[in-house]
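Enquirer: Chains as they are written, first to last, in the numbering used here: chain A, 1 to 202; chain P, 1001 to 1205.
It should be emphasised that the hints constitute simulated quantities derived from the structure, not laboratory data. Honestly, I wouldn't trust all of these hints.
Stated by the list, open to error - Have a look at the derived ranges for each label pair, beta carbon to beta carbon: (1) A/Arg8 - P/Arg1033: 43 to 53 Å; (2) P/Arg1027 - A/Asp17: 55 to 65 Å; (3) P/Gly1037 - A/Asn80: 27 to 37 Å; (4) P/Phe1040 - A/Asp17: 38 to 48 Å.
This one's a predicted model, so the numbers in the text were calculated from it and none came from an experiment. All residues carry an ideal CB built from backbone N, CA and C; glycine is no exception.
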Amino acid sequence: MEKSEELRAIKLVLSGDSGAFRLLVESYQEGVFNLLLRMTKNRHDAEDLAQEAFLKAFKNLHQYKEELSFKNWIFTIASNLCKNKFIRDKIISFIPFISKKDGKDIEIELSISNTSPVKEVEDKEWNITFSKLVETLPLKYREVFHLRYAEGFSYTEIGQITALPAGTVQTYLYRAKTELLKRFSKVEIINGDGLYILQEDK
Amino acid sequence: MTCEKLKDIISRDEAGRNDRDCLLHLRECEKCRELYGKLFGLIDNLKDNKEKVSSGFTDRVMDKVTELKAPVNYNYWKAATVSLAFLFIVTGGLLVIEKNKSGEVAVEFSLAMPEAESVSIAGDFNGWDASNAKLVKKNGVWTATIKVKPGRYQYAFVVNEGKWLPDPNALKFVDSGFGGKNSIIEVDKLKLLQGFKLSLRRVKI
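Model the full structure from these sequences, guided by the hints.
Expert: Shown next as structure tokens:
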């Protein structure tokens, strides 16, 4: 969405035309939803939080400052809402990360989602690509990783959204990548059969 | 296992300063090349494969939006100008100022907002504690008289115990540091305003 178009929509909303807010929702709903999905790993939570983020933005639109990008602003609101919810509701539960040991599958718990373990394993989403490995990263890493590589935000912008210094953002990105490299060495994705950790030869 | 050199390459990637040495290593080390390729394959995948929101999401948000009051961008400078214009026209006193012997000045703060359920005032003069400075409603106008020593103070109203709102009748405003505005009251200068009244206007929240 062009900046001028965005500002026009914001001014219309502030002058009483609430319907103009639709343009802003349509422009950023996918980005906001995908960030929240990456963070919560749960479609239902991600949509609820995305809706809450847009309503919060609407209610506080008079505080929006033109010099900031609306995209940064709505992502900041979404990120904060999600982290507050994680803290408030302690939505840290577990899904299994299947490992093979002695020919048997064992479950390794990873803090990712609050959905049913069985359902998660059966979920086709898990079997598609390596990109799902991002969801095995700690929340703080996968958030900055997503903002950088799925949304293309600069270090400075990510710093504004996550309230982290740009140097810390850079460090988190480096750690996220090295963690992913470790997982590449250990993980195999078998189509239709989920994620497997491969035991290292001793 | 991962070569240490690959971690170095990734670190340099992040800092935007990879060099010929790094590129040569990638050319020579098949394992690093494979892992590096997987990593960037994953990154490309993130950009290209985004999930869609469920159908009707926009409508659901907009349904909720229409249930809310529209946010209103208050033009503070315009408000100040209007206030000044009224200053010399109407007699009385929005800010009723009386100086007592100890040098304190009694200032009456007013906010015309009949639909509000409660209004308090918080500022430098009361340690930003709105709990002990509730305004009283009469004929839709909320008022409170507070004694302050001469000086320059920032303040704001707290409407319905949660909504911060600068005094639209103030003559000066500053950024609150929380994305909004605070009003400024300069008590010495207000002596000049004694005996005058500013127009009361209804302010939307």
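Enquirer: Can the suggested window of 55 to 65 Å be confirmed for the beta-carbon pair P/Arg1027 and A/Asp17?
Expert: Holds: the Cβ-Cβ distance is about 58 Å, inside 55 to 65 Å.
Enquirer: Verify the CB-CB distance for P/Gly1037 and A/Asn80 against the hinted window 27 to 37 Å.
Expert: holds (36 Å)
Enquirer: Regarding A/Arg8 and P/Arg1033, is the given constraint of 43 to 53 Å on their beta-carbon distance met?
Expert: Given a distance of about 49 Å, which is inside 43 to 53 Å, the answer is holds.
Enquirer: Kindly confirm whether 38 to 48 Å is satisfied by the beta carbon distance between P/Phe1040 and A/Asp17.
Expert: Holds: the Cβ-Cβ distance is about 44 Å, inside 38 to 48 Å.
The earlier numbered hints are all upheld by this structure, with none contradicted.
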